[in-house]
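A.B. asks: Now for the letters of each chain:
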Amino acid sequence: MRTRDRASSASSDLRGGAQHGESGPSRPPPGGLTLKQRTTIRRAITYALFIAPAFLLFTMFIVYPMLSAMKFSFFNWNGLLQGDFVGIANFQTLFTRYPYNEQVWTALGHNAYFFVLTMVVQNGIGLALAVALDRGIRGRAFFRNAVFLPHLLPTVVVGFLWYLMLNPQFGVINQGLEATGLGWVARPWLGDPSTAFTTIAFVNAWSWIGFPMVIFLANLASIPDEYDEAAKVDGANSWQRFRYISLPLLVPSLTIVTVLTFIGNFNAFDLVYSMAGSEASPGGSTDVLGLLFYRIAFDSADPNAVGVGNALAVLMFFLVFGVSNVWLRMFKRKEIAY
Amino acid sequence: MRRFRVIHWFSFAIICLIAAACAPSEEVANDEGDSSGRGSVTVWSWRTEDVAGYEKIFETFTEETGIEVEFKAHVNTEYDTILETALKGGKGPDVMQLRAYGTLQQLVDGDYLVPLDGAIDRLEEFSDQALAGATGLKDGRVYGVPFAIQTLQVFYNKAIFSENDIEVPETYEDFTAAAEKLKGAGVTPIAAGGGDTWTLPILHSVVGAEVYGGDSFVDGILAGDQDFNSPEFVESVGAVEDLMPYLPEDPASVAYTDTQVMFTQEQAAMFIGGSWEAGYFSSTNPDLDFGTFAMPPRSGEEALVPWFTDGSYGVNSQSPNTDEAQQLVEWMASEEYGQLFVDELKQISPVPGVEFEDPILQEMVAAYEEANTPYLLLVYFRYGDPTGTDLIGADIQKMMLGDLGPQEVAASLEKGVSQWYEPGKLEEVTETQP
Numbered sequence: 001m002r003t004r005d006r007a008s009s010a011s012s013d014l015r016g017g018a019q020h021g022e023s024g025p026s027r028p029p030p031g032g033l034t035l036k037q038r039t040t041i042r043r044a045i046t047y048a049l050f051i052a053p054a055f056l057l058f059t060m061f062i063v064y065p066m067l068s069a070m071k072f073s074f075f076n077w078n079g080l081l082q083g084d085f086v087g088i089a090n091f092q093t094l095f096t097r098y099p100y101n102e103q104v105w106t107a108l109g110h111n112a113y114f115f116v117l118t119m120v121v122q123n124g125i126g127l128a129l130a131v132a133l134d135r136g137i138r139g140r141a142f143f144r145n146a147v148f149l150p151h152l153l154p155t156v157v158v159g160f161l162w163y164l165m166l167n168p169q170f171g172v173i174n175q176g177l178e179a180t181g182l183g184w185v186a187r188p189w190l191g192d193p194s195t196a197f198t199t200i201a202f203v204n205a206w207s208w209i210g211f212p213m214v215i216f217l218a219n220l221a222s223i224p225d226e227y228d229e230a231a232k233v234d235g236a237n238s239w240q241r242f243r244y245i246s247l248p249l250l251v252p253s254l255t256i257v258t259v260l261t262f263i264g265n266f267n268a269f270d271l272v273y274s275m276a277g278s279e280a281s282p283g284g285s286t287d288v289l290g291l292l293f294y295r296i297a298f299d300s301a302d303p304n305a306v307g308v309g310n311a312l313a314v315l316m317f318f319l320v321f322g323v324s325n326v327w328l329r330m331f332k333r334k335e336i337a338y
Numbered sequence: 339m340r341r342f343r344v345i346h347w348f349s350f351a352i353i354c355l356i357a358a359a360c361a362p363s364e365e366v367a368n369d370e371g372d373s374s375g376r377g378s379v380t381v382w383s384w385r386t387e388d389v390a391g392y393e394k395i396f397e398t399f400t401e402e403t404g405i406e407v408e409f410k411a412h413v414n415t416e417y418d419t420i421l422e423t424a425l426k427g428g429k430g431p432d433v434m435q436l437r438a439y440g441t442l443q444q445l446v447d448g449d450y451l452v453p454l455d456g457a458i459d460r461l462e463e464f465s466d467q468a469l470a471g472a473t474g475l476k477d478g479r480v481y482g483v484p485f486a487i488q489t490l491q492v493f494y495n496k497a498i499f500s501e502n503d504i505e506v507p508e509t510y511e512d513f514t515a516a517a518e519k520l521k522g523a524g525v526t527p528i529a530a531g532g533g534d535t536w537t538l539p540i541l542h543s544v545v546g547a548e549v550y551g552g553d554s555f556v557d558g559i560l561a562g563d564q565d566f567n568s569p570e571f572v573e574s575v576g577a578v579e580d581l582m583p584y585l586p587e588d589p590a591s592v593a594y595t596d597t598q599v600m601f602t603q604e605q606a607a608m609f610i611g612g613s614w615e616a617g618y619f620s621s622t623n624p625d626l627d628f629g630t631f632a633m634p635p636r637s638g639e640e641a642l643v644p645w646f647t648d649g650s651y652g653v654n655s656q657s658p659n660t661d662e663a664q665q666l667v668e669w670m671a672s673e674e675y676g677q678l679f680v681d682e683l684k685q686i687s688p689v690p691g692v693e694f695e696d697p698i699l700q701e702m703v704a705a706y707e708e709a710n711t712p713y714l715l716l717v718y719f720r721y722g723d724p725t726g727t728d729l730i731g732a733d734i735q736k737m738m739l740g741d742l743g744p745q746e747v748a749a750s751l752e753k754g755v756s757q758w759y760e761p762g763k764l765e766e767v768t769e770t771q772p
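Chains as they are written, first to last, in my numbering: chain A, 1 to 338; chain B, 339 to 772.
If you are wondering where the hints come from, they were derived from the structure by calculation, not from laboratory data. Here the structure is a predicted model, which is why all the values come from computation and not from measurement. Ideal placement from N, C-alpha and C gives every residue a C-beta, glycine not left out.
Straight-line distance between alpha carbons at most 20 angstroms, and here's what the computed DMTMM-like set of lysine to aspartate or glutamate pairs gives:
1. B:753 / A:102
2. B:476 / B:447
3. A:232 / A:134
4. B:426 / A:84
5. B:519 / B:604
6. B:429 / B:416
Label pairs and their calculated CB-CB ranges:
7. A:138 / B:414: 50 to 56 angstroms
8. A:52 / B:387: 46 to 52 angstroms
9. B:640 / A:65: 53 to 59 angstroms
10. A:298 / B:709: 34 to 40 angstroms
11. A:178 / B:709: 44 to 50 angstroms
Turn these sequences into a full structure, and let the hints guide you.
C.D. replies: This is the structure we're talking about:
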């Protein structure tokens, strides 16, 4: 707070000085600038030089591509040749041209289902594991690393490994089920439309579970022990201590995990692609917006693939950006200072 | 606070100045191009598996003309993007392998190709069928020398057939009887699946072309007298459904490579696919004794072999070496080249006058010459989005899962392609009969 006071008083000095310089002809500065103005400029140059490298990289590789994607979505394309400005025609194509008009809603529904399932399975179990590890299980470091380990594998490797394990003919999952007398449970997990997407969501949870766990663990470690001890003295049981002490203080990490999960699940592509292909096999039952984008942009015979593809990309960006922002604001209000 | 804001704006302005100074000017991007120097031609292709063969073939050309040929192959799935990007930047090879039909059209529209009809006399001797795949839709001009025709048929394992006392089937009844017998003997009758949906329109074409009536249906649909909801087309989709009992278990999830493995490892007796498989089958399992036959007809009329032009070689209109490039593609229309292509690459060359030594090629060509019909959905229904092949592929997969019936598959195809397809538009350019 003290810094801010100083800063605001300094800025009022500056304003006063500037006004003085304009109105008072008595002190003509050399080169038309007062000392303070020159200091400001010199500082600005210093700041600029510090910021420039990151700013340039950010602009070139993030802002520019995003803005051009937005621009591209408003034009008609012939292959890679930009044609006329067409307004929102590409967006209309997405919602009117069969089969996109049906696939876009199915895909969106799958993304939402993916998010809900991931929140419950991956983040729920991740939280439980974090709490268990935080309360001091023997071999804590081992378990933490073991759970985190799958997260170190590249997604395509995870997809490929599980694709092999789930293979109905020679995969180890069904063989294991049959060997243990659970043969009736065995099924073509990725071949049956009713199980395919849920299976992929579980594989995703398997590979990611270490991530929320580590974040929750860090958050739990930062909660002072006194609260927990005080609650214990007051006779709170294990569940009550979690529900009324740990959980409210976990809101910051819950926020981060929820928002990151949302972003990840709504932009999902790589794992689904590696396990179900761009056609969202079987029968479109694993379709997500990322796959639909891939099919439009890379697989379609439409010369205007760039236009329609970018239209979908822009919509996905605004969906993810908009919802994450709203969430961050909502959760911020629930945070408790201690 | 105020002062900081002032500094921020100053900083921002300075950064913008730096950024503007760093931005490349337009002229810099224009460099020399890939190929320069007289007497050499660059060729791009998507056939990474054929590099050695092509290099050997082009040696003959270099010996005869003194023009060096630099052959470069890009990964199949990336090829179209790489080529288009290069052409758009005013670069690219002098001679390029061109996809057929709808995909070719995009390059024609971009004015990237030199029309070859009139310039290469020998093109007139090529069949109209072969040229159709290299012809621009709007202007009817030929933009490439066709390099291969692919035919679609049934491959069968001769050893498994003779072990089970099965003759090559002549009628549809023979075919199902053979399949039943194989199934009873514990052999998968047909290695086919829907895991990769692009294989399904091929399956449909082999099994269904004769059922929908071949060329007469094709003519009808091009003229607008028929559509995909017509009973004969629905029946042709039903013909695929009828084969379901003879496919591997859970066919919708069986991938293309799984089916190749099943056939080459002799776990399945038949494989339904394109002529390009022959080379792969014999190189993967040299001991595999296999043959081919056209799908036996249901109607009692003749069996039909669906075909399509795989692609062609065309000349880059922006190339600095158009003369040499044209000389090369002209040579690629010669009998000498055609024969080298057949012998080295084991594919069906459309060049008139070539002879097929390989027994499998001979068999496929003989069946094709006897009676054929275009691979309808690829030849005519890839000029717009969504394509006929994509639609029927996704929907036959759903049919394999039991979610759709033949009627619905056909209706979805009609609904999808009718968004861009106008009857009468395609038939002028791509006549089915020579």
